[in-house]
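In the order they appear, the protein sequences are chains A and B. Quick note: the first sequence, position 35, residue 34 per numbering that gives the first Met the number 0, numbers continuous. Quick note: the second sequence, position 22, residue 21 per numbering that gives the first Met the number 0, numbers continuous.
Read the hints as simulated data drawn from the structure, not as lab findings. Keep in mind that the hints are not guaranteed to be accurate.
[Claimed, not checked] Here are some, though not all, of the chain A residues that point toward chain B, as calculated from beta-carbon distances under 8 Å:
1. K106
2. G168
3. I169
4. Y286
5. L353
6. R455
[Stated by the list, open to error] Derived lysine to aspartate or glutamate pairs resembling DMTMM-like cross-links, with alpha carbons at most 25 Å apart:
7. A:K106 <-> B:E44
8. A:K444 <-> B:D48
9. B:K39 <-> B:D56
The structure presented is a predicted model; accordingly, all values stated were derived computationally and were not measured. Virtual Cβ for every residue (Gly too), placed ideally from N, Cα, C.
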Amino acid sequence: MKPQVRSSPKASHSARPQITSISVSTEAKTLSQKVWDDHIVTREDGQPDLLYVDLHLVHEVTSPQAFDGIRESGRTVRRPDLTISTEDHNVPTEDIDKPIADEISAKQVDTLRVNTEEFGITHYPMGDINQGIVHVIGPEQGLTQPGMTIVCGDSHTSTHGAFGALAFGIGTSEVEHVLATQTLLQPAQETMSITVDGELPAGSTAKDVVLAILGECDTGGGIGAIAEFRGPVIEALSMEGRMTVCNMSIEFGAKAGMIAPDDTTFAYLEGRPQAPKGADWERALEYWRGLRTDADATFDREVLLHGADISPHVTWGTNPGQVIRLSDSVPSPDEYEAGVARDAAARALEYMGLTAGTPMREVAVDTVFIGSCTNSRIEDLRAAAAVARGRTVANGMRTLVVPGSGLVKEQAEAEGLHTIFIDAGFDWREPGCSMCLAMNPDKLKEGERSASTSNRNFEGRQGRGGRTHLVSPAVAAATAIAGTFATPEDLA
Amino acid sequence: MEPVHIVQGTVVPLDRSDVDTDQIIPSDWLKRVERTGFDKGLFAEWRDDPTFVMNQDEYLGANILLGGPNFGTGSSREHAVWAIQQYGFAAVVSSRFGPIFRNNCTKNGLVAVQVSPEVSDQLMAAVQADPTLELTIDVERRTLEAPALGIEVDFELSDSVQHRFLHGLDDIGLTLQQGDSIDAFEAGRPTFRPTTR
Chain A
0 MKPQVRSSPK
10 ASHSARPQIT
20 SISVSTEAKT
30 LSQKVWDDHI
40 VTREDGQPDL
50 LYVDLHLVHE
60 VTSPQAFDGI
70 RESGRTVRRP
80 DLTISTEDHN
90 VPTEDIDKPI
100 ADEISAKQVD
110 TLRVNTEEFG
120 ITHYPMGDIN
130 QGIVHVIGPE
140 QGLTQPGMTI
150 VCGDSHTSTH
160 GAFGALAFGI
170 GTSEVEHVLA
180 TQTLLQPAQE
190 TMSITVDGEL
200 PAGSTAKDVV
210 LAILGECDTG
220 GGIGAIAEFR
230 GPVIEALSME
240 GRMTVCNMSI
250 EFGAKAGMIA
260 PDDTTFAYLE
270 GRPQAPKGAD
280 WERALEYWRG
290 LRTDADATFD
300 REVLLHGADI
310 SPHVTWGTNP
320 GQVIRLSDSV
330 PSPDEYEAGV
340 ARDAAARALE
350 YMGLTAGTPM
360 REVAVDTVFI
370 GSCTNSRIED
380 LRAAAAVARG
390 RTVANGMRTL
400 VVPGSGLVKE
410 QAEAEGLHTI
420 FIDAGFDWRE
430 PGCSMCLAMN
440 PDKLKEGERS
450 ASTSNRNFEG
460 RQGRGGRTHL
470 VSPAVAAATA
480 IAGTFATPED
490 LA
Chain B
0 MEPVHIVQGT
10 VVPLDRSDVD
20 TDQIIPSDWL
30 KRVERTGFDK
40 GLFAEWRDDP
50 TFVMNQDEYL
60 GANILLGGPN
70 FGTGSSREHA
80 VWAIQQYGFA
90 AVVSSRFGPI
100 FRNNCTKNGL
110 VAVQVSPEVS
120 DQLMAAVQAD
130 PTLELTIDVE
140 RRTLEAPALG
150 IEVDFELSDS
160 VQHRFLHGLD
170 DIGLTLQQGD
180 SIDAFEAGRP
190 TFRPTTR
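Please model the entire structure based on the sequences and the hints provided.
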């Protein structure tokens with residue numbers, strides 16, 4: 000059994016104290032413990048805690064069976080006013096004024112529209128300015144706030160941890176549980192700190208930080224723990240950058256990833272449609288400022304990286320832990336411990352069609368995807384556009400730039416970014432998950448190789464037989480222009 | 000879910016690490032709005048390969064899936080659990096599971112048995128050598144046994160999950176019995192928390 004993280008036993012089914020403006024406790028706690036403890040509805044020895052859910056994000060893929068379950072059992076949705084819905088995974092990124100051509104996709108999207116209508120849940124359909132990737136719209140509406148518990152039937156829900164929220168992905172049975180009860184049963188988790196000290200070299204981005212973390216933690220280093228990203232490099236990131244880092248927490252197996260809220264967080268939130276206003280804003284700020292790991296709190300696991308060592312990264316294999324610096328060459332399986340790791344490396348090289356020793360800068364790419372819940376926000380598009388400006392994509396290169404939401408698209412167009420992309424030969428698309436997981440028409444074909452700003456390089460993730468390399472938006476744009484993996488500095 | 004006490008049977012040895020849920024059930028299959036019909040999608044891309052282990056006659060009828068480390072990483076899709084169950088597996092054994100997959104197993108009565116890497120390797124070799132080898136997974140005793148190998152190991156299963164497995168309980172029904180506590184919590188929530196209205 001995992002050690003119990005918290006030390007103060009509480010009575011069974013203890014009545015929960017009302018939250019005052021700041022968590023009051025004499026016991027040193029980490030950020031995640033503070034947020035967790037503020038959401039305990041019931042705690043019973045030997046049982047998982049029953050946690051209250053402040054926000055439930057719903058999309059078309061993981062919800063239909065949950066709504067069926069609610070209907071079949073004669074239950075109802077307890078808090079439609081704490082639930083928000085959008086369609087993102089299946090939606091096409093062109094011709095969105097026409098019906099969805101794929102009949103099964105169309106039925107899934109229609110099912111969500113019917114379900115949200117029946118249960119009174121706010122829904123943003125394709126074409127609505129507020130529609131977008133579920134993890135992009137929560138923050139931009141101001142629904143994602145520090146100290147909240149946020150869940151969604153999607154493993155990249157960890158994105159919202161960038162605000163100091165406890166946010167994690169759940170399965171469809173748990174989606175049904177949250178719809179019916181607005182709570183979840185959750186066993187205790189360990190705590191994990193991931194500190195990135197110093198500062199990043201010029202040209203390195205939040206995506207490179209999280210890829211470097213994955214190189215350190217591999218795909219399992221976070222299992223059973225909630226990670227807190229800390230240190231000067233993390234504090235210097237914008238909210239977009241922090242979302243990129245937290246987004247990939249699940250890729251090293253963490254339950255969630257969090258960053259303590261600070262003035263950067265508050266400045267992002269102030270004035271957003273659902274952010275607190277007036278006296279509520281002041282009360283919220285006072286509470287939020289207390290959401291920091293206490294100086295004398297300790298973590299069960301600690302990881303330290305030096306910002307100065309983090310140059311642009313790229314994955315070479317078929318899981319996100321198989322990552323190297325872009326300046327490196329394709330590794331040899333012999334560099335890995337004999338057994339599981341070496342076998343996995345050999346299989347990955349074969350699937351990826353790569354030869355050990357080839358410099359990554361010499362690997363040719365035929366598709367570039369800029370988008371996904373990892374990297375489709377305005378800052379990501381600005382970074383890619385800065386590289387694309389005045390340049391032209393390589394001959395034969397297929398490129399997709401897919402904004403994360405209708406609002407991101409509108410902002411990008413107001414700034415003229417779409418013109419920069421189009422002039423450079425990039426394909427400027429409508430918002431959605433798109434080629435991140437290829438549930439819509441945007442897919443890789445057998446053997447095609449992509450530089451992708453998304454989060455998973457699994458076999459077939461972007462289309463059957465497709466080969467995916469994860470990179471930052473700046474590297475993706477530079478690679479589109481060079482035709483082989485490149486950083487912006489490599490371009491003439 | 001249906002009660003589960005003992006899973007006994009033969010084993011498919013899937014000797015790969017990091018089998019993510021995209022491999023278990025590719026995303027095209029996630030477009031379905033039903034909870035059934037996922038058996039054909041299980042490992043859909045690998046099953047086209049005639050040499051894939053599940054296509055070997057000697058492993059037909061097995062009801063336990065033995066994977067390499069990091070089984071079920073990645074996406075939260077519960078469809079992965081449904082596909083494994085609907086194909087006919089009642090238990091999955093690995094030295095390490097993706098956390099969301101493992102949790103999803105507990106909601107559907109699929110027994111996820113985590114064993115040490117040494118036991119996993121020993122089982123893998125034994126089942127590859129002898130496809131008729133039987134395992135017994137006992138939910139009540141929290142043990143995995145391979146009598147032919149002299150293996151009997153305990154596995155971790157929390158009391159609450161074990162209780163639901165043995166009695167086939169729906170945890171939504173149990174939580175709804177805590178309605179008063181949920182009401183009390185809601186009454187104390189700060190007013191600055193957002194709504195979606």
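We went through each hint and held it up to the structure:
1. The interface hint given for A:K106 holds, since its Cβ lies 6 Å from the closest Cβ of chain B, which is under the 8 Å cut-off.
2. Interface restraint check for A:G168: the shortest CB-CB distance to chain B comes to about 4 Å, inside 8 Å, so the restraint holds.
3. Because the smallest distance between the Cβ of A:I169 and any Cβ of chain B comes to about 6 Å, under 8 Å, the interface hint for this residue holds.
4. Restraint check, A:Y286 versus chain B: the minimum CB separation of about 7 Å is within 8 Å; hint holds.
5. The beta carbon of A:L353 comes no nearer than 17 Å to any beta carbon in chain B, farther than 8 Å, and the hint placing it at the interface is violated.
6. Proximity of A:R455 to chain B holds as hinted, the smallest CB-CB distance being about 6 Å (cut-off 8 Å).
7. Proximity of A:K106 to B:E44 is assessed by CA-CA distance (about 24 Å); at most 25 Å being required, the pair is judged to hold.
8. For the hint linking A:K444 to B:D48, the alpha-carbon distance of about 18 Å falls within 25 Å, and the restraint holds.
9. Between B:K39 and B:D56 the alpha-carbon distance is near 17 Å, which keeps this suggested pair within the 25 Å criterion.
Comparing the model with each earlier hint shows a violation of hint 5 alone; every other hint is respected.
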